[in-house]
Amino acid sequence: MNLMQVSFLAIVMLLLLGLVAHILNVRRVHRRIEMLEHKAVPKEKLLSDLYSCQGSNFNALALTAWILFLTALSFFYLITPELFPDRNYFIQLPRMASSLGGLALFSLLGSMMMILVIVGSEKMPESLQCYRLAELYGYYSMSRNEKRSMIVAIPLLWVSISISTHMATIYPTFLAPEWWGAFILLFASLLLLIWPMTKEMWEGRS
Amino acid sequence: MSLNQFKLYLESWQRQDPTKYQDMIKLLRQGDPESYKPPYIWLHYDDNTTNGNITVSRNDVPSSISFTVENPNSLDLRRTLFVDLQAKLPGEREYHKVNQFPHVVQPFDYEIIEDEGGKERHFTSLKRWPEITSFSQIGGVGEVKLRAYMTDGTRDYSSSSLSNTTYPYYGEMMINITNAPPQLFNASLVGPPSPRYNDPLEYVAEVFDPDDDLMAVTLHITDPAGREVRNETQEAKSGQVSFKAAQYGFFGEADAGKNFTYYYTVDDGIDVTSFPPRDNPNATLEGPNIRSTPKLWVENLHVEPVDENYYYWDEYNFSVEMRNQEPYNIEIPVTLKIKTEDKNWKGVETRTVTVTPDSKRIYFPTDDAFDVLDRGSDFSFRFEYQEYDQNNERSAEMQWYKPLNQRLMKYDLVSIPIGINLLFVLILPLLGGIFLEKWMGKGRMG
Amino acid sequence: MRLCIVGIGGMGGKVAHEFLTNEDFESCRLTRLTGGEHITSGGIKGVWLESDENEAKNKNKFFKDGRQNPHDYPLYFIPHDMVPDGHPVHVAIKKKYGYDIKKQGYVRDAQYLKAVYEIFEHDPEIRGKLLDLRSANPIFDCAWAAVRPYTTLGRGKCDGILFIISLGGGTGTGFVNPIVQHIRSTGKGDYPVFALGVLTEEGTASDREQYAKESKRNLGAISSIYDLLTKGGGVDGLILVDNQILLSRCEDDYTLANRYLHQVSLPLVAARDYPGEKPPSPAVRAFSTEGWSFPPILVPCYSRIRRRSGSEASLVEEALSKGRLFGCQPQEADKAIVFCRGYLDSGKIRNAITGHIPDLTEDKIAVWRKLGENSHEELLILLRNPYGSRGSYQSEGTLEWRLHRVMASAITYMEGHKPDLLYIKGYSESTQDDELTVTDETRQALEDFFYGDRGLKAELEVAIKRLEEGNKPFFKRPLRIFDIPDQKSASSLVIEDDETTSTQRAQIKKMIQEELKEMGLKV
Chain D
1 MNLMQVSFLA IVMLLLLGLV AHILNVRRVH RRIEMLEHKA VPKEKLLSDL
51 YSCQGSNFNA LALTAWILFL TALSFFYLIT PELFPDRNYF IQLPRMASSL
101 GGLALFSLLG SMMMILVIVG SEKMPESLQC YRLAELYGYY SMSRNEKRSM
151 IVAIPLLWVS ISISTHMATI YPTFLAPEWW GAFILLFASL LLLIWPMTKE
201 MWEGRS
Chain R
1 MSLNQFKLYL ESWQRQDPTK YQDMIKLLRQ GDPESYKPPY IWLHYDDNTT
51 NGNITVSRND VPSSISFTVE NPNSLDLRRT LFVDLQAKLP GEREYHKVNQ
101 FPHVVQPFDY EIIEDEGGKE RHFTSLKRWP EITSFSQIGG VGEVKLRAYM
151 TDGTRDYSSS SLSNTTYPYY GEMMINITNA PPQLFNASLV GPPSPRYNDP
201 LEYVAEVFDP DDDLMAVTLH ITDPAGREVR NETQEAKSGQ VSFKAAQYGF
251 FGEADAGKNF TYYYTVDDGI DVTSFPPRDN PNATLEGPNI RSTPKLWVEN
301 LHVEPVDENY YYWDEYNFSV EMRNQEPYNI EIPVTLKIKT EDKNWKGVET
351 RTVTVTPDSK RIYFPTDDAF DVLDRGSDFS FRFEYQEYDQ NNERSAEMQW
401 YKPLNQRLMK YDLVSIPIGI NLLFVLILPL LGGIFLEKWM GKGRMG
Chain P
1 MRLCIVGIGG MGGKVAHEFL TNEDFESCRL TRLTGGEHIT SGGIKGVWLE
51 SDENEAKNKN KFFKDGRQNP HDYPLYFIPH DMVPDGHPVH VAIKKKYGYD
101 IKKQGYVRDA QYLKAVYEIF EHDPEIRGKL LDLRSANPIF DCAWAAVRPY
151 TTLGRGKCDG ILFIISLGGG TGTGFVNPIV QHIRSTGKGD YPVFALGVLT
201 EEGTASDREQ YAKESKRNLG AISSIYDLLT KGGGVDGLIL VDNQILLSRC
251 EDDYTLANRY LHQVSLPLVA ARDYPGEKPP SPAVRAFSTE GWSFPPILVP
301 CYSRIRRRSG SEASLVEEAL SKGRLFGCQP QEADKAIVFC RGYLDSGKIR
351 NAITGHIPDL TEDKIAVWRK LGENSHEELL ILLRNPYGSR GSYQSEGTLE
401 WRLHRVMASA ITYMEGHKPD LLYIKGYSES TQDDELTVTD ETRQALEDFF
451 YGDRGLKAEL EVAIKRLEEG NKPFFKRPLR IFDIPDQKSA SSLVIEDDET
501 TSTQRAQIKK MIQEELKEMG LKV
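Protein chains in written order, with my numbering: chain D, 1 to 206; chain R, 1 to 446; chain P, 1 to 523.
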């Protein structure tokens, strides 16, 4: 496996970690509450009591960060043909990619896709409402400082996108420090985005 | 038993029990011997005539020609008669049979006609030949004599031996059989307006024979002087006929620059008709005018990029030197095509250029030759034209020694287009996030 | 339970700031785009009532001026602005009583606002001049109008009020009772109202901050406590916090102390209740006041430890031993209201409390749980009336000991500062206060209030005796500055336990029995 593949795997694993952490957290809370209440507690009731809104500004920026994450991921892996030689942006949509607004259009595609995922997740039933992306952080206790730290992911992602763009402009030239820079920023951003879940998973272990 | 019943018995014995029948005849003849009399036959034609002439066309149906037989013998003496229709064509000495099978008149196959006063009774039989459906079966045109010819197995009898005949009876009948000549319509020459000698040309026409004869259609190609240079014949019934020049090899390279004409002749076996008629030498069908074939000289293919880096988005100036080996200018369309790893001779541009006897470089500047899929690829380019060059080819190509640059993107990071793009990259997700929150309101206390 | 936090005065505003800090990411432009709201932990709302314009405008950057843009949030109000300068009411009160109700910052005397309230409430002459202001009691009406929209009595969602005041300061101390009285007088007698009072610390450290010396502060504090604990239909509980203890835990940093106070309150106000354990404020109120005819004292005991299994006992132990925010004897408490955050078993909590306080049976312990942080668990126990043993006033760290000292200090002040209290010309000892001149009528009323046979001094002396003997409650009889016209002091209607004869007690018992019989209840 080459570096691109390994890095992609690492990102995927981190995403999975966040997902697994979230699932575990919800299950753990449910299990513990039922144990303490000495009776079964409907999951819908628990989730609605568990949920507390984090504020519109934070929520908007969190959603922005997730949309930007998918965009940054696409820029990092799908613009140049290193990871997917036959399935990258320039091969699949050559005219659009090499047009004047190619990158903006690519970003639009990525954003629309993520927005659809977010809107689609709203269809989750009440017993699975904790998996609605727009409500994700409402199930975690987050201080203002933690929220501010998480929002830092946005400028990090934008820098990652800029670096990925530069890598595409100089392709086929490859600068390892640049690549590492973009990847680390992407990785770090994802870490920030899933931080509440992993923190809760770690702290909540018995 | 009545007389009629007795007659019926006789007839049935004659058919089914000849022994009994002969015994009865002997019995009846006892005391009254009788001799066999010869029967008589006439042709019967009950159609309108004009001045005594009967004129028919070959495809007319001779439904009104028939024969009459009168048999003076009694039933027991009558013999079965076999009758044919015979015809003598112009110039022939002998009569020949027209019908295939003789018509049979049985001994009992007569009607009784009483003359005026009822003193004499005549036994007659009026018949036709049903298998004769057209006068063309008689086999000729012109004045034809017809007669009826009969035999009873021992003697032959002919209607022509009877001379006193009155309408509608004939001993011999004279008829004039005419032939309808074949016709030809819509003759045309299908092909390019100024064809080369080897271009696809097709002579097409429609032929028609009223008698539905099989016709021999001949195409005659003549040179400008009117001399026939070649001809080909096809047999055809009424309908369309076509002659493909390539199939018959009508024209060769030597015919380049010549103007030809053509005409048709159609023969239905009796008449031959020419289209256009040959009595007017000026009435010919024009074509084809074979164009002369210039020969090109093509050399020095070249491509000049605007940027030495060979980026796929750059402008490239493809060029070639061409001249006409013939001493005149010609205008021909030339097409530039490109081949890369992604594209297989994709057409880039077609232009009509003027090729002169003097060598001239023709340029095809374009920035649309390549796209991003061609980056890093080797490329070849080709000029295609409709005339032959010195190598007897209609194209010239070349593989360029240097491949295209691998670079993906046209712009640098620090440039206005990329800057604006990156601005959108930030703004779009932000707008998306704000819009989603505004719409769903998950961050509000509610 | 969703409370409306009303910070009154300087300290109240600072603590309210901690409660009402926007949990959301702050950005004006973004807020306009997203239509965002001010988000607080537990969805609480609040307002700051202040009397000093300078404090409110120049030293504060958090609360916005409610007069300029009522749709902003959070807001501060200066209630005395309701009465325009030179208004007939302003003039009349000044003329009749000598009080200038438009004075910036008020007089830092607890009884000052008490007096102003009584004037508006009961003086028909003054009330007659209020017609154009469309309010019977404009200052306190305005204060209520600022609070009401956030409550379920308005169109808000808060089902209870928590006043945060500094006992011993100026504005806070004097404002609470009048507002609570005002709320009750509008017919909302059962609306839950709690007060969190921070008792001024001993010593001179706060003298400059509070613009008054310790003894004066003690007088202001104790007279405020007195009013809060004796007002029938007043607050449903006075949560007492000793600033001395707060500062000792926060390195004498007032800002840290305010923050600590907020943290201590989180089990009470935060969100994420256990399913089925979301107590409405009336439920808390009912539990708090049940079986006690006066507003109870609630002493908060707080603990926070790293999460581990079986932590209930440790939490309770920590809270009752080291976590008391006011000196007290937990075993004297007659009820315990427990708010906790974490994965905690309510049965174990009760058992642990009972282990420490055997007299508290299960029905006297209410436990409400929330989910908190995974790393730590928190416990807040409000002990009701954790005092009442004879001689405890001598033991440092008890409630009796603390209040005994405050009362003694207040009495000493009253004895030594009569001219100051009666605003006799040349009285002023505070560099901040301008000299007040009150009318003779007012002065007489004040003299009766402070020094009369049934005045504050006398009541405090009786209360000290009750404390020493471990009697509950120690404040019983409400006091007024001005008599209600055509009505004697209410004090004459109150029967004092230690003054009744056995005959009188027998008569009273008989009267009660007859009343109950008439109501159809068996005795």
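These are calculated hints, taken from the structure and not from any lab test.
The beta-carbon is built from N, C-alpha and C at its ideal position, and this holds for glycine as well.
Don't take every hint at face value.
Unchecked claim - So the derived list for chain R, only partly shown, Cβ under 7 Å to chain D, looks like this:
{"no.": "1", "residue": "I113"}
{"no.": "2", "residue": "K339"}
{"no.": "3", "residue": "L408"}
{"no.": "4", "residue": "L422"}
Checklist line | Proposed interface contact between I113(R) and chain D, which counts if any beta carbon pair is under 7 Å | finding: Status violated, d = 102 Å.
Check: Hey, does the K339(R) contact hint survive, CB to chain D under 7 Å?
Finding: violated (17 Å)
Checklist line | Proposed interface contact between L422(R) and chain D, which counts if any beta carbon pair is under 7 Å | finding: holds (6 Å)
Check: Does the CB of L408(R) sit less than 7 Å away from some CB of chain D?
Finding: holds (5 Å)
Checked against the numbered hints given earlier, this structure breaks hints 1 and 2; the rest are met.
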